[in-house]
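Protein chains: 2
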Amino acid sequence: MMKNKAVVLLSGGLDSATALAIAYAEEYELHTLSFDYGQRHQREVEAALAVARHYDVQEQKTITIDLRAFGGSALTADFEVPHATSLEKISQEIPITYVPARNTIFLSFALAYAEVIGANDIYLGINAIDYSGYPDCRPEYLEAYERMANLATKATTQDGRKFHLHAPLLRMNKADIIRKGMELGVPYGLTWSCYEGKDLACGTCDSCLLRLNGFKEAGLKDPIGYLPQ
Amino acid sequence: MMKNKAVVLLSGGLDSATALAIAYAEEYELHTLSFDYGQRHQREVEAALAVARHYDVQEQKTITIDLRAFGGSALTADFEVPHATSLEKISQEIPITYVPARNTIFLSFALAYAEVIGANDIYLGINAIDYSGYPDCRPEYLEAYERMANLATKATTQDGRKFHLHAPLLRMNKADIIRKGMELGVPYGLTWSCYEGKDLACGTCDSCLLRLNGFKEAGLKDPIGYLPQ
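As you go down the protein sequences, you meet chains A and B in turn.
Under this note's numbering, the first residue of the first sequence is numbered 53, with each subsequent residue one higher.
Under this note's numbering, the first residue of the second sequence is numbered 53, with each subsequent residue one higher.
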């Protein structure tokens with residue numbers, strides 16, 4: 053039987069790896085899309101490749117785009133990566149690691165890719181619980197994006213296709229995501245979350261804090277290595 | 053008086069040069085954004101720079117993105133550029149020069165740029181008359197994009213800004229656009245429309261046909277050179 057195709061946005065982090073595992077479990081033919089956008093944590097891109105390889109995806113594309121051209125974020129410009137913020141603070145404010153219009157840009161490439169290969173389904177690992185501070189991780193944003201996408205392309209206006217954005221983690225917290233991922237056998241040892249991008253994860257940036265707390269709440273051990281605290 | 057800032061998508065073609073002239077006449081501080089996306093008509097990118105220089109814009113950014121990575125268009129891949137199609141046909145079908153999700157991708161970068169520099173206004177030269185075959189040139193698409201954009205960013209969800217997409221040519225035909233541009237003194241001699249990207253415009257591709265017909269209907273002479281027919 054011919055499988056339906058799905059495009060999966062794959063960052064190399066824990067969330068998108070779990071989203072990929074869910075699309076895999078739902079038996080799509082997998083096409084993963086990663087971005088080298090001048091982020092300071094280049095290790096993320098390598099992690100994405102390793103995860104894609106693990107799932108033996110049909111095709112993995114890495115698109116290089118220079119979001120540094122615009123600046124405005126601690127992930128792409130010369131800001132300090134925030135450390136030791138409290139978990140409450142991460143979830144309430146828009147952090148300086150926010151990258152302007154990032155998900156909008158990523159989804160736009162995913163849409164082009166999906167249109168060309170004949171995929172109607174686009175998976176992404178965003179969630180609105182731990183990242184409620186990021187406007188482009190909210191359900192109302194996703195719905196508006198999907199509506200726009202279905203007016204944007206030849207696929208939908210001429211060929212009668214309909215795009216569907218899947219954000220299976222949208223309403224899960226990090227511990228739920230990790231539990232779900234463990235059930236599905238996600239190789240979390242291959243993923244990378246730390247904003248610093250050194251040999252070992254720093255354990256103190258916002259992203260490490262969320263990850264470590266998620267494993268703790270799930271009662272599980274994170275398989276990646278951390279700097280001694 | 054501090055001017056408001058506008059981001060203008062500038063392709064180097066006739067339409068976006070006219071949109072830039074309109075934003076200039078409306079006294080915005082101008083920030084132009086162009087894309088080198090592997091289009092076969094690279095001359096377009098040079099034309100964009102020349103037009104930006106003419107208007108002495110505050111900043112001109114050219115973003116390189118590889119839309120060839122996806123294929124699916126005569127403008128970026130190994131298709132034949134269509135010649136001598138009738139004008140009726142251009143306006144009714146989705147042409148093979150359609151680039152998947154192009155305007156969605158371009159607008160997403162414009163949104164990031166606008167967010168970072170503090171511009172709430174984004175100008176683009178699309179029109180729904182001559183290009184009614186392009187789904188991402190229709191008013192309903194633009195409205196959906198604007199709605200999504202206003203849910204997508206920190207600028208709108210935290211800082212109380214509101215993005216407005218301006219498509220001043222949306223309901224004008226090519227002759228109207230050229231008449232308007234001539235009124236405003238647009239340097240059409242610096243613009244480039246031909247899909248072929250040779251020294252002289254071919255005069256027979258869809259884009260040349262629309263342009264030549266526009267000048268003819270406007271009763272004006274196109275200042276650029278064409279290959280002898």
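Take the hints with a grain of salt, since some may be wrong.
What follows is a set of in silico ranges between Cβ atoms, one per label pair, in the way DEER data are often shown [said to hold, decoys possible]:
| no. | chain 1 | residue 1 | chain 2 | residue 2 | range |
| --- | --- | --- | --- | --- | --- |
| 1 | A | M53 | B | G212 | 28 to 38 Å |
| 2 | A | R120 | B | P239 | 25 to 35 Å |
| 3 | B | M234 | A | R105 | 40 to 50 Å |
| 4 | A | Q210 | B | R223 | 51 to 61 Å |
| 5 | B | D211 | A | G241 | 21 to 31 Å |
| 6 | B | M54 | A | G123 | 37 to 47 Å |
| 7 | B | E235 | A | M54 | 27 to 37 Å |
| 8 | A | L101 | B | R199 | 47 to 57 Å |
| 9 | A | G241 | B | R120 | 58 to 68 Å |
| 10 | A | M53 | B | R105 | 52 to 62 Å |
| 11 | B | E79 | A | D108 | 38 to 48 Å |
I should point out that these hints are in silico values taken from the structure, not numbers from a laboratory.
Note that the structure is a prediction, hence the values are computed from the model and not measured.
C-beta atoms are modelled at their ideal positions from N, C-alpha and C, and glycine is treated no differently.
Practice item. Note whether the CB distance of B/M234 and A/R105 lies within 40 to 50 Å or breaks it. Key: violated (57 Å)
Review point. Taking 51 to 61 Å as the hint, is the beta-carbon distance of A/Q210 and B/R223 inside that range?
Key: violated (22 Å)
Practice item. For the range 27 to 37 Å, tell me whether the beta carbons of B/E235 and A/M54 fit it or not. Key: Check failed, 56 Å falls outside 27 to 37 Å.
Exercise for review: Can you let me know if the beta-carbon spacing of A/G241 and B/R120 is within 58 to 68 Å?
Suggested key: Violated - the Cβ-Cβ distance for A/G241 and B/R120, about 35 Å, lies outside 58 to 68 Å.
Check your understanding: Falls inside 47 to 57 Å, the C-beta gap from A/L101 to B/R199?
Key -> violated (35 Å)
Review point. B/E79 and A/D108, beta-carbon distance inside 38 to 48 Å?
Key: violated (57 Å)
Practice item. Given the hint of 25 to 35 Å, check if A/R120 and B/P239 actually sit that far apart at their C-beta atoms. Key: Since the Cβ atoms of A/R120 and B/P239 sit about 32 Å apart, the hinted range of 25 to 35 Å holds.
Check your understanding: Is 28 to 38 Å right for how far apart the beta carbons of A/M53 and B/G212 are?
Key -> violated (51 Å)
Exercise for review: State, for the Cβ atoms of B/D211 and A/G241, whether the hinted interval 21 to 31 Å holds or is violated.
Suggested key: violated (40 Å)
**Study point:** Whether the CB-CB distance between A/M53 and B/R105 falls inside 52 to 62 Å
**Key:** Holds: the Cβ-Cβ distance is about 57 Å, inside 52 to 62 Å.
Point to revise | Pairwise beta carbon distance, B/M54 to A/G123, judged against the given window 37 to 47 Å | key: violated (21 Å)
Checked against the numbered hints given earlier, this structure breaks hints 1, 3, 4, 5, 6, 7, 8, 9 and 11; the rest are met.
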